[in-house]
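Protein chains in written order, with UniProt numbering: chain A, 1 to 140; chain B, 1 to 140; chain C, 1 to 140.
Hints are computed from structural coordinates only; laboratory data are not their basis. Everything hinted at is true.
Chain C is faced by these chain B residues, among others (derived, beta-carbon under 10 Å):
| hint | residue |
| --- | --- |
| 1 | Asp56 |
| 2 | Leu70 |
| 3 | Ser100 |
| 4 | Ile101 |
| 5 | Ile103 |
| 6 | Pro104 |
Restraint-style ranges between C-beta atoms, simulated for each label pair:
| hint | chain 1 | residue 1 | chain 2 | residue 2 | range |
| --- | --- | --- | --- | --- | --- |
| 7 | B | Asp26 | C | Ala7 | 17 to 27 Å |
| 8 | A | Ala125 | B | Ser29 | 47 to 57 Å |
| 9 | C | Trp77 | B | Arg22 | 28 to 38 Å |
| 10 | C | Ser68 | B | Tyr18 | 22 to 32 Å |
| 11 | B | Ser29 | C | Val2 | 15 to 25 Å |
| 12 | A | Trp115 | B | Pro72 | 21 to 31 Å |
| 13 | C | Trp77 | A | Ala30 | 46 to 56 Å |
| 14 | C | Pro85 | A | Ala140 | 51 to 61 Å |
Positions of the beta carbon are idealized from the N, C-alpha and C atoms, including for glycine.
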Amino acid sequence: MVQTTRAVTVRTRGAGLYEITRELKDTISASGVQSGLVTVFCRHTSCSLLIQENADPDVRADLQEFFSRLAPHGMAWVTHTTEGPDDMPAHIRAALTQTSISIPILNTLAALGTWQGLYLFEHRAAPHERSVIFHVIGEA
Amino acid sequence: MVQTTRAVTVRTRGAGLYEITRELKDTISASGVQSGLVTVFCRHTSCSLLIQENADPDVRADLQEFFSRLAPHGMAWVTHTTEGPDDMPAHIRAALTQTSISIPILNTLAALGTWQGLYLFEHRAAPHERSVIFHVIGEA
Amino acid sequence: MVQTTRAVTVRTRGAGLYEITRELKDTISASGVQSGLVTVFCRHTSCSLLIQENADPDVRADLQEFFSRLAPHGMAWVTHTTEGPDDMPAHIRAALTQTSISIPILNTLAALGTWQGLYLFEHRAAPHERSVIFHVIGEA
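This is chain A alone, in the form it adopts within the complex (with noise of 0.2 Å):
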């Protein structure tokens, strides 16, 4: 059994799905591991993970809808706006995605279904530099 830990820099332009995939792939590929588990980690708390599809572009757009109108900035109860609106939003739309998620490996390829896609998930509306970890564990 072997493992591996690499540490992604994510460059984000304001709230959206930005793809992170071929980052997942790429850590996979170089760790060797044939069959085994990844875990993606995000280090923050006003951005998260999330897999979905990665076909139509609608998709993307339409979740990034919801979660704005589900926690939309201005929302009046809010006691922590010292970042601005969009901060207490960001971190309520985190809490609701993942910060966290494993994936297995088999035959040196991540075990995504055919539509999935893994993107970290920007919720603040200023650009951002986000780091992932992704952690491999394995049969080499």
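With chain A held as given, fit chains B and C onto it using these hints.
Just chains B and C now, kept in the frame of chain A:
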């Protein structure tokens, strides 16, 4: 340290929670692992995973009802409608729940609490064949 | 490769976020693992796990308020009411957050971001004894 992977097909008959706790337990038994970790992964973006109460079926019905109200069919602003009115709500409900869940294994058993069952949460209206992958790692 | 498992009891005093970052760190230290993966698992269906901001306590209060509004006590359509008005909302809030979270371990430490803390999110109104299990795997 040993590991094993198993793919399971779940046949769904419309939106709702389908219990797969037996498949989880059988996978652990077959692996021979006495202590370790099992990870469940759902290979779709319009169904998901959930650990929820396995006692009163009303809990599952109420969960289904809640998500039906939170992301209902026919939201006017949705643009991704090619596969019907239940398609985008299914992606949203999947995003709000889990694509992967990891459970420790203690003394040959999944460390589930007394009232915890593992469910595939189908969000589409029509029957589907769903693929779930179990990865087990630990000491035999 | 080595692994270890530890069960921790968390005593809650009503709905809210209870930090368990210290328990996470202590578990990793005691395991002797230098690089690897730690998985946290919550053995209940009416409380859950969340990684969120550990700086301004207003963030936790606002998160609590958001979920109280999204799935409030006394929703008229709920059928599972045997354990009181806070029971089904607790299951719903648990479904919307996490039952398990996995975090890479780098240089003997959980790879948490600067502002990330690990929390048990209690959704019931009365005090409860909650059980959380940590599983650590990696290289000593």
